[in-house]
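2 protein chains.
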Amino acid sequence: MASLSKTSVWRRFSSTFTSKPTPSKTHLHAPIPDSAFPKGYVLTGIHAGVKKKPGVLDLAVILSTSSRPASAAACFTRNAFKAAPVVVSQQVLEQNQGRARALVVNSGCANAVTGKQGMEDAWAMVAATDALLEPNQGQKSQKETLVMSTGVIGQTLPISKILAGITSQSPKSVDSKSTLGSGFEAWERAARAFMTTDTFPKLRARTFSIRGKEYHLAGMDKGAGMIHPNMGPPSGQLHATLLGCILTDAAVVPKSLQSALTYAVDRSFNSISVDGDMSTNDTILVLANGAAAEGSAEIDEQADPEAFELFKQELTTFAIDLAQLVVRDGEGATKFVTVSVDGATSYADAHKVASRISTSALVKTALFGEDANWGRILAATGSIPLSAPLDPTRVSVSFIPADGTAPLPLLVNGEPEKVDEVRAKEIVSAEDLEIRVDLGLGNESAKYWTCDFRVREDQWGL
Amino acid sequence: MASLSKTSVWRRFSSTFTSKPTPSKTHLHAPIPDSAFPKGYVLTGIHAGVKKKPGVLDLAVILSTSSRPASAAACFTRNAFKAAPVVVSQQVLEQNQGRARALVVNSGCANAVTGKQGMEDAWAMVAATDALLEPNQGQKSQKETLVMSTGVIGQTLPISKILAGITSQSPKSVDSKSTLGSGFEAWERAARAFMTTDTFPKLRARTFSIRGKEYHLAGMDKGAGMIHPNMGPPSGQLHATLLGCILTDAAVVPKSLQSALTYAVDRSFNSISVDGDMSTNDTILVLANGAAAEGSAEIDEQADPEAFELFKQELTTFAIDLAQLVVRDGEGATKFVTVSVDGATSYADAHKVASRISTSALVKTALFGEDANWGRILAATGSIPLSAPLDPTRVSVSFIPADGTAPLPLLVNGEPEKVDEVRAKEIVSAEDLEIRVDLGLGNESAKYWTCDFRVREDQWGL
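Those protein sequence lines, which keep their order, are chains A and B. Quick note on full-length UniProt numbering: the first sequence kicks off at 1 and runs consecutively. Quick note on full-length UniProt numbering: the second sequence kicks off at 1 and runs consecutively.
Isolated chain A (complex conformation) (with noise of 0.2 angstroms):
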């Protein structure tokens, strides 16, 4: 099919881009003890075969193996086009109540766009994955699998190789050639079934503790093409590939778990873009199983709100960790660009800001070529309607560099700064980068990651 094929006459070129090339990202995977991962949880990854290339691992299984029930939450895209396993995975929450104990995750192929064929595979996935969970107080049949998929819109999955590989991982199973573990090997063979155009798996885990008690997060996601999520809870429509799951051994009532994620992913995943397209299939899910709170009742955000607000807290500054790496490693990104809005009067307009400057082809490539164009800046910042009017005379933007040294001011107050530009230069140079602005308006803040757009440089103003 057309629309499939990647254009080969394009890669001959390839070769004399070798001007500034995209830094290696090889750094940002490194092993993690295991001891830091949260417990009660079985994974692996494995190749199935949705990946043609031999070995190359394509599909993930993750299975809660705490006594207590898990519970889950989520956010979906707000596209209109909902990929089958998007569908299914909102349904299984629904009929669940925000309960479930495992994951299925295939990459290679996306399940969208794929009608009564797609819904029908997406839903045997989760009968395969349900069958390798323990029985839940005799409840065999009961739906408990979450499934996410990504790769190439408007193909059907090889199922029975999918189902093949599912099954492989039964432990029950005679010929079993289970890898599910729960050390760092396992996770990463998770993360690395993932990946699609990504350059290096996206995993992370942080320990945190609520009342003396320790409790473990890990996270694992994927991104690199098609990113500019907008995703809400699961009653919403949906929109954006950007996939991840958080995992955690703490307790947490199901209602409040997905308030506690709907704020984060507000504030990480919905607060990045790399080319300002959304997809039809992100994702990010979470489950909490409880292994680590032995004792302790589900955090309760009415019933607790102290506990809940450290819980939800982690839970965000994780959740920016994982959605951080996204940004990193966007497709042909050379820099990593935090734009920062405050003196907004509502966190929504500061966002809106914040977000029309991440997403400004203008400003991503004179990031690009590394000039310090706050006239583009600022187009963007005036080009959108705001609930509060901007007043220009009160609009300040700087440049905060990486390195911890003195910002530099471009605009004070609607009032152009006679600019060094040796001082500007290099900190654009730089790869990481702060843009500020300053409505001047109110107290509220919000911040965007972004990454340049490495356009030809021949083009628009470079």
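Think of the hints as simulated: they come from the structure by calculation, not from any bench. Keep in mind that this is a model prediction, so the values were computed, not measured. A few of these clues could be false.
[Unchecked claim] BS3-like mimics (lysine-lysine), calculated; alpha carbons at most 27 angstroms apart, straight line:
no., chain 1, residue 1, chain 2, residue 2
1, B, K25, A, K52
2, B, K177, B, K52
3, B, K447, B, K425
4, B, K53, A, K418
5, B, K255, A, K418
6, A, K255, A, K213
7, B, K255, B, K39
8, B, K213, B, K161
9, A, K116, B, K143
10, A, K177, A, K213
11, B, K161, B, K53
12, A, K53, B, K418
13, B, K418, A, K52
14, A, K352, A, K213
15, B, K116, A, K418
16, B, K177, B, K116
17, A, K418, B, K52
18, B, K447, B, K25
19, B, K255, A, K161
20, A, K39, A, K53
21, B, K161, B, K143
22, B, K25, A, K352
23, A, K177, A, K53
24, A, K161, A, K172
25, A, K425, B, K25
26, B, K161, B, K52
[Claimed, not checked] Going by beta-carbon spacing under 8 angstroms, a handful of chain B positions derived as facing chain A:
no., residue
27, V113
28, G154
29, S360
30, P392
31, V412
32, E415
33, L441
Every residue, glycine too, gets a C-beta built ideally from N, C-alpha and C.
Mind docking chain B on chain A? Use the hints.
Below, chain B alone, put in the same frame as chain A:
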């Protein structure tokens, strides 16, 4: 100032980008017979010295010589950072209740983000041009000039050079070097003075008749970069740099002229995108001096809706011609792409979807890569909230070849078609192409015109 410097380090790479050069656009500019231009205008373009290179035109002066009062209307950018000439032209129109007799336009400097000095300079341009006009019923002091500027942001105008340039055109001065004229050469000089990174002067003329009486329209515009206008009538906030003016010898009541222009701009200049970024200076002005309407009353939307409708449609068709020239000459564009959205329940919904597809970086890079990637079109289509939610099973996508041969369906009622790759490649290899999306919900349609994104060929799956 750092923001204004071209980053010359990139220039040296340009020579390596010999693959797929930008197609020549020179055939889009050709002589027009003198008789095709509207009566009652004299105009010119001169080198005032805003641009450093000697002889390059940077100042246009356009005067109505009609004995009738000229009506004027305008649509200005909705960007919150309004450039001084935008604010001044708005005030002139308000003070004169929609009457004006002159236009003055400079390129090379946008007079944007220039504070109090910028406002003084714009008013000085108005006064100097007013002085060239014949006294209007003795009211010599009336401000009757509209002003536009385009170029770099954050620099003040070399105002004395500009004022000397304007004054040099006075037929009354002793040492007059006036080059004001009314034939093709004069119109072309004016059009050239609008240019920034445009590769050809954008000038068109059109003859039309209402009830047997013949009228003329002539227009000039410029674009190239920071092109995604969103302009409204003078009351609104401002956004986009696209400059254009349309001159006619019809007679139209000021309020009706504004009504016709607002309609025309929504369907022309507000329906084009080059890079998705709106400027601080975007302005479209129209003057109607009635020089060909001797003995006729002014066209009035209330009094004679039929004549008004004819005029509005002529103006709209003409504005679309002018707007398309900007897309054809978009910075780095190699393709001219029409995005048609049919089957919407409202024009606003159809326009939103067409705009989203036209600004999608992934759609635009696929077009540059000549890849019939309907998945990217679909993801863009579904990524924005609409007043009538999309039904994925009703959406169809096809490519319409520019040569009149059969359309190529890619997706029909949500089901992917088996696409003939050779045929798809043929269609997307042409310079002109139409993407048609049918939402299958209603009878409303909108069109947008966009170009491809000339990215590095090793990026975004190309």
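Right, here's what the structure says about each hint:
1. Distance restraint check for K25(B) and K52(A): the Cα-Cα separation of roughly 44 angstroms exceeds the 27 angstroms cut-off, and the hinted pair is therefore not satisfied.
2. For the hint linking K177(B) to K52(B), the alpha-carbon distance of about 21 angstroms falls within 27 angstroms, and the restraint holds.
3. Proposed proximity of K447(B) and K425(B) is supported: the alpha carbons are some 23 angstroms apart, at most 27 angstroms.
4. With a C-alpha separation of about 25 angstroms, the suggested pairing of K53(B) with K418(A) holds against the 27 angstroms cut-off.
5. A hinted pair counts as satisfied when its Cα atoms are at most 27 angstroms apart, and K255(B) with K418(A) does not qualify at roughly 44 angstroms.
6. A C-alpha spacing of about 22 angstroms is found between K255(A) and K213(A), which places the hinted pair at or below 27 angstroms, so the restraint holds.
7. For the hint pairing K255(B) with K39(B), the CA-to-CA distance comes to about 22 angstroms; that is within 27 angstroms, so the pair holds.
8. Distance restraint check for K213(B) and K161(B): the Cα-Cα separation of roughly 43 angstroms exceeds the 27 angstroms cut-off, and the hinted pair is therefore not satisfied.
9. Distance hint between K116(A) and K143(B) is unfulfilled; the C-alpha atoms sit about 68 angstroms from each other, more than 27 angstroms.
10. For the suggested pair K177(A) and K213(A), the alpha carbons sit about 36 angstroms apart, so the restraint of at most 27 angstroms is broken.
11. The suggested pairing of K161(B) with K53(B) holds, with an alpha-carbon distance near 14 angstroms, which does not exceed 27 angstroms.
12. Between K53(A) and K418(B) the alpha-carbon distance is near 25 angstroms, which keeps this suggested pair within the 27 angstroms criterion.
13. About 22 angstroms separates the Cα atoms of K418(B) and K52(A), which keeps this hinted pair within 27 angstroms; it holds.
14. Between K352(A) and K213(A) the CA atoms are separated by roughly 38 angstroms; this puts the pair beyond 27 angstroms, and the hint is violated.
15. Of the pairs offered as hints, the one joining K116(B) and K418(A) holds, with about 17 angstroms between alpha carbons and a cut-off of 27 angstroms not exceeded.
16. Of the supplied pair hints, the one linking K177(B) and K116(B) is violated, its CA atoms being roughly 32 angstroms apart against a limit of 27 angstroms.
17. For a cut-off of 27 angstroms, the pair hint linking K418(A) to K52(B) stands: about 22 angstroms separates their Cα positions.
18. In summary, the hint linking K447(B) to K25(B) is supported, as the alpha carbons are separated by about 23 angstroms, within the 27 angstroms threshold.
19. The hinted pair formed by K255(B) and K161(A) fails the criterion: a straight-line CA distance of about 68 angstroms is larger than 27 angstroms.
20. Under the criterion of a C-alpha separation no larger than 27 angstroms, the hint pairing K39(A) with K53(A) is inconsistent with the structure, at around 33 angstroms.
21. The straight-line distance between the Cα atoms of K161(B) and K143(B) is roughly 21 angstroms, inside the 27 angstroms bound, and the hint therefore holds.
22. Between K25(B) and K352(A) the alpha-carbon distance is near 37 angstroms, which puts this suggested pair outside the 27 angstroms criterion.
23. Taking the CA atoms of K177(A) and K53(A), the gap is about 20 angstroms. The hint holds against a cut of 27 angstroms.
24. Only pairs whose Cα atoms come within 27 angstroms are accepted, and K161(A) paired with K172(A) is accepted, the gap being roughly 19 angstroms.
25. With a CA separation close to 35 angstroms, the supplied pair K425(A) and K25(B) exceeds the 27 angstroms bound.
26. Only pairs whose Cα atoms come within 27 angstroms are accepted, and K161(B) paired with K52(B) is accepted, the gap being roughly 12 angstroms.
27. Interface hint at V113(B): satisfied, since its Cβ lies 6 angstroms from the closest Cβ of chain A, which is below the 8 angstroms cut-off.
28. A least Cβ separation of about 4 angstroms between G154(B) and chain A falls short of the 8 angstroms threshold, and the interface hint therefore holds.
29. The interface hint given for S360(B) is met, as the beta carbon of that residue sits about 5 angstroms from the closest beta carbon of chain A, less than 8 angstroms.
30. Here the hint on P392(B) is kept, as its CB sits about 5 angstroms from the closest CB of chain A, short of 8 angstroms.
31. At a threshold of 8 angstroms, the smallest CB-CB gap from V412(B) to chain A is about 12 angstroms, leaving the interface hint violated.
32. For E415(B), the shortest C-beta to C-beta distance to chain A is roughly 6 angstroms, which falls under 8 angstroms, so the interface hint holds.
33. Interface restraint check for L441(B): the shortest CB-CB distance to chain A comes to about 11 angstroms, outside 8 angstroms, so the restraint is violated.
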